[in-house]
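Student: Below, each chain spelled out in residue letters.
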Amino acid sequence: MVLIQTMKWRQVFIANLIVVISLLIVSGCGSKQTDVEKATERGVLLLGNGSEPKSLDPHTVTGVPENHIISSIMEGLVAYHPSDDTAIEPGVAESFETNETGDVYTFHLRDAKWTNGDPVTAHDFVYSYQRILNPKLAAEYVTMLFVVKNAKEYNESHGNPEPGKEPMAWDEVGIKALDDKTLEITLIAPMPYFPLMLKHYSWFPVNPRVIEAHGGMLSRNGKWYQVENHVGNGPFRLKNWVTNQIVEVEKNPDYWDADTVKLNSIRFFPLESADTEDRLFNAGGLHKTYEIQLHKIDRYKIEMPGNLRLDPYLGSYFYRVNVSRNDALADKRVRRALNLAIDRQSLVTNVMRGGQIPARYFVPKGIQGYQSKEFFKFDPEKARRLLAEAGYPGGKGFPTFEILYNTSEQHKTIAETIQQMWKTTLGINIEIHNQEWKVYLDAQSNLDYDISRAGWIGDYVDPYTFLEMFTTGNGNNDTGWSNDRYDELMATAPMAGDTEKRYAMLQEAETILMDELPILPIYIYTRGYLKHPNLKNWNPKLLDNRNMKYIWLEETAQ
Amino acid sequence: MFKFILIRLLQSIPVLIVIITLTFVMVRAAPGGPFSAERKIPEHILEALNEHYGLNDPLYVQYFNYLKNICPKKLNIPALLKFDLKEGLGSDLGPSTRYEGRSVNELIAESFPVSFQLGFFAILLALTIGIPAGTIAALNKNTLLDYAPMSMAMVGICLPSFVLGPIFAMVFGLWLEWFPVIGWRSYGSFHWTDDIPYRVLPVVTLGLYYGAGMARLTRGGMLEVLNQDYIRTARAKGLSTFVVTTKHALRAGLLPVISYLGPVTAGVLSGSFIIEMIFQIPGLGRHFINAALNRDYTLVLGTVLFYAVLIIALNLIVDIIMVMMNPKLKFD
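Heads up: the sequence lines are chains A and B, in that order.
Under the working numbering, read the first sequence as residues 62 to 619, first letter to last.
Under the working numbering, read the second sequence as residues 27 to 358, first letter to last.
No lab work stands behind these hints: they were computed from the structure.
Note that the structure is predicted; figures quoted are calculated from it, not measured.
Any given hint could turn out to be false.
Stated by the list, open to error - Pairs of lysine-lysine residues, derived as DSBU-like cross-links and limited to a Cα-Cα distance of at most 30 Å, are as follows:
(1) B:LYS66 to A:LYS434
(2) B:LYS66 to A:LYS197
(3) A:LYS300 to B:LYS112
(4) A:LYS443 to A:LYS457
(5) B:LYS263 to A:LYS197
(6) B:LYS66 to A:LYS393
Just chain B, same shape as in the assembly (with noise of 0.2 Å):
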């Protein structure tokens, strides 16, 4: 299991670096750039602001630079754990130019936190909805107990958090007051209880998205595993059915849900752009589209970058979970 962990770090840096290497060309060769503005900067006041910023340098000095700080220089895990990747790798992912003065690693050690706790907490809350509901439909597969929970499962993912979001804020903020409408926070108050109400819709809101797609694949994984023999076998000895799902069933039944987790995590956790939008959470998600936008170099770079390891972080955790979980498969 080392070897193959080890085997698929060493896989990561080349796919790190045709991913900084594609973003840096496609983000270059966009239209526009991080000061263009309509009120026009006069010439030579341009000038001094791509020098500031180093944007004056032939675009290889640029790019290579870029690599150059980068790269992990050291490891420092108390600080890492705090998302400072300057003090935890040494990686300086450089300065953002649409927010002056504050620097790519700053932006995202200050968001991610924000974006993982909505996500994790709304992750939480699919699969804690999306299990159990996928389980009953399949044990109950063409009855009541199948149709209702599925049903209520294609409208939650007809339904995009845009239009959720705001239908929830509006009901459930608005008019019955039950949560604030919007926002991550309580100003004025300093016991972390009275942030509580301002999370839930958020996490709701994404929960029950990603619930309606769990919902799904684990009725499908189920009724797969459910027709084999082993499950025979299992109810041939007696076993209750609560046993057989739980122990032998769910085992292989929820292979799918594991495997799509991955990428989905790494979606969620990075933040959700539509839900901080929506609900004013000052999360990355917001980072990542709106850097481009602002054609903020550094910030786009820094946050696909991070992004992607997240991805190839999560596949590989994933990857080992399903190895745990399915005895056929093997580390090679």
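Isolated chain A, as found in the complex (with noise of 0.2 Å):
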């Protein structure tokens, strides 16, 4: 009899828990609807932003997240383009013209308002770029205003003022307000490529009125962009930021073009870690990511071929070779050697898989009225007659020297199926060695590698962004490789003041490069992430700017 009660309770309670399992499952697979189409229908955009923006203010950032946010709350003279990325977009400025000479640019604003309710004027850009040229700000792409006249002069005569001699008046900057609605800057020539570069963020306004009432010009207390103070000018007006969690930004009503503005507001997540954002995009939780792992490109090019997007994108892998520590490596004929012995195209179709361009060039295709040149090809026959020629036949004598890398499983394969190659085609031992990422700063900083890998992204839509940092005494250089007529290219180029004139110079100063070889080009980056097929007019943009009055979400015809 007990035995039977002890059954009748056990099959009961399996029972009622089968009931309660099958329950939960049922109500979890119905139909319930995504954060993202929950958002969609809201016009609410979710999108996964890298990391923590450092701040919000323009003049102190420098990173691809930070721009992406400020860029939605702040406007500049000029604007982003949805999809061309040499385009001239109407930003504060109705219309602008030059001189005849090209070095004086005069721009009229329209009627714009700051979120507070004042008029966006030329007083307001005079104010923030005399800011930005502070060095006491301590801007870190303060150098991106050295183009106007005496600029450069201003900045440095405040950072190290000479004894006994006065620093240089604001007055005697090429920055004008020649009234409330019309900024007139003088360039140190002439240069037609200038609108472009008022695009990026360093050029951006800030309310000097707000500045003022929150620490004053050259304070970095961050008070001024916090949500309760933010005061910008864009198309999205600043609403929520929790650190680590959430920047989200509003559509702003009081904005010259708000009818343009499709989305009612934009949340951006800091997502660090590629696998939960992954993780997050399939779960209906974002609209897009902000990158992709590599080892999941393939399998997402079968499963969701309509989400996967590999742009691509204005940056350049390479390696930088140290020619001042290692006898070997200072011999141009053994970097050419080791540059010819790279397979580059086996190296991107079956290590890297993900869409990137093999490199044969440095500075990336894609810059209109540009064009790198193959300047060599994978010659494995030369590579081995170059290196006899230098003294190390079949690799004899050669010495053994390492691949430097900052800590990561990408950078690792790479640098093995180069030691790989190398070993192959040269008979040469190569070592490999990984260091944290500030470790491995400091080490290329202190010329203290042989050879070591790197990246570059473009600040703008032109060859010197790349090239100039090789020039003598440039803090990026780290190679300690030094040429003189690259030098005076370099420095005339800037000023040759028309365009053709001046890419046939940078072109001239490539071919150097690619001649003496500091550096190994191994690929050209590519811009992978996933996008949901509600979010539209989201183009391949080649430094991913985004200007995000132009993205609109479309709801999926049921």
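Can you join these two chains into the complex? Each is in its own frame, and there are hints to help.
Tutor: Take a look at the structure:
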């Protein structure tokens, strides 16, 4: 009797358990709306945005995640075009013209408003440029403004004032407000590409009244861009910001072109872990991821080709060669041999598999009017010959050196592949060595390496942003390499005036670089991400610069 | 007991100073600095940045300035309960270099309550699973009721949270859609109950791991106690197994768990880096690790110091509980 009773209880218990579990499963699998569906209905864009923004001050930030947020809540004289990197979209400036020589630009401002109701005036721009050019603000991108007449001199004379000499007065800098609505900028030389540079956030205005109310022009206390204080002039305004969690912006009804703005709000999520981001996208929590894990690309190509995007990107992955430490590497023939022995096509198709382009040049393609030549191709025969000429036939007597990279699975795989290529083709033994990020930066900076992995993303769409760093004494050179002709070309090219002539000079500089090879280009980046089909007008852009007012969401037809 | 607490508090001061000094020296000895980046900052700008954050002073000046700034100057309990160290103690942990415009005080005050909630519920879960499971196993030594929970516990210990977390997120979040896959709060909703589903998976992942450890510790502690004379006496008096276990055995059997609880609680409350990364939780654990990677000197010192104070406080509490539970121990 007792036994039967317990059996019954057990059966009842198990039956109940089954009912509960199946109810839970059914309720779970039912027609539950995902966050993306709900957000699409409400016009809310959910974006993976890499890492937590360092700050929201356009004059002190440097990163891409910061750019995405700031360019949605602030607007400069010109703005980003939805698809064309070289087109000038109207911003606060309604129109602009240049003088005959092309070195003075006059901007006519429209009736734009700050979110606190103030009008955006030419004086605000002057204040903003005076702010960023003051060395006490310590703006990392201050060099972007050095194209302005006397800007460099102003910045440096205030930074290290020479004894007995007055630092330069602001009046001498080529930035003037002719009246409330007219701004005049005088450049060091005619620069047809100047309007393109204005898209960069270092040229954005800030509201002087707000800055002064929260610590003054040179304060970096971060008070003015907190949610309760922030005043912007962009298509959106700051709504909510929780560290390591979310930055939310909402449509700005006072924006001059508010009719064009289609989204009601944008939520930027600082998702540092690519794995977490990927999971959130698959659970319907994001319209777009910030990046994609390389090893998942193959799978997504099959499983959801409609969501996978691999856009061209203005970035170069390369190896720096320290020409100042090792006798073998100081020999141009050795560097050439190493370069010719890298089978980039195989690396990209068999190892990377993310649609990257093998780099047989340094400046990525896609810059209108500038075409990098294919300077070399995989040539094991010639590589062996060059190495023999340099005194190491078959790799005999070649010193052992190291490839340095910052700790990452991907960099490791690439280094191992190239190590193997050099071993099989040239018969030389190279070791690979990884370091934590900041340690690696230090080693590279102190030329405490033989060969080191590096990457460079352009600041603006121009070859200059890539070639400039290898001039003698440039802080980012880090190879010990120096070439007089190269320096001369880089110094004179910005003043060339006419774009064709300028590009010809930069072309010559790139030819020198690819002949001397203080760097070995490896591949040109692509930007891989997952994009929900509801997200519209998100076009491939070389620098991933977005004008959020042109983005819209469209519900999937039921 | 009052004297005991006072002595322990006084002892903690040199301990904290040693911790601060060691951390200060180690973080400064590490290559690279807060402003080193792939794209180098112009020399004179770097100089100005260092000036702004007081990094141009000689190291010993920076060190003593830091000590002076963090030294408690007042006591304001209500502010302290909001984790506002500046208002509560007058301690200024300095500005963060990675999160510009945000002070270390603010970052801790913002992220600690999150880690605290996560940790508190995880420990609660660990205790509610671990202690009964360990007790049942000990009472039924070498039977199925021992092997089953103990092998589960073994699995729990062997599966680190960076494996268990994504598995849970995938099964219960992605496939079954019972809970959100990541996150801590629901945005766009104002009712606190909407946040509950977000907290289930992280709490369970973290709780199960510690629950497994606690189950094993409880079993060990209980086995030792169950063989002792006073338990036999209690049984001989005719008390039921339930009463013997809960009233007599557990009190001594739980001692290992309680001494384990001190450091574990400090560790869990101050944030679990892995769980916070996997589930995108804005807690203190992420600051703890990322600050070191970013060479955010003040944030490294601030989090280490905070953690040290937490451990010292919790160890003290654990010691007091131990004396209360174990009549053989005295306060001295």
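Student: Look at each hint and say if it fits the structure.
Tutor: Going through the hints against the structure:
no.	hint	result
1	B:LYS66 to A:LYS434	holds, 28 Å
2	B:LYS66 to A:LYS197	holds, 18 Å
3	A:LYS300 to B:LYS112	holds, 27 Å
4	A:LYS443 to A:LYS457	holds, 17 Å
5	B:LYS263 to A:LYS197	violated, 82 Å
6	B:LYS66 to A:LYS393	holds, 27 Å
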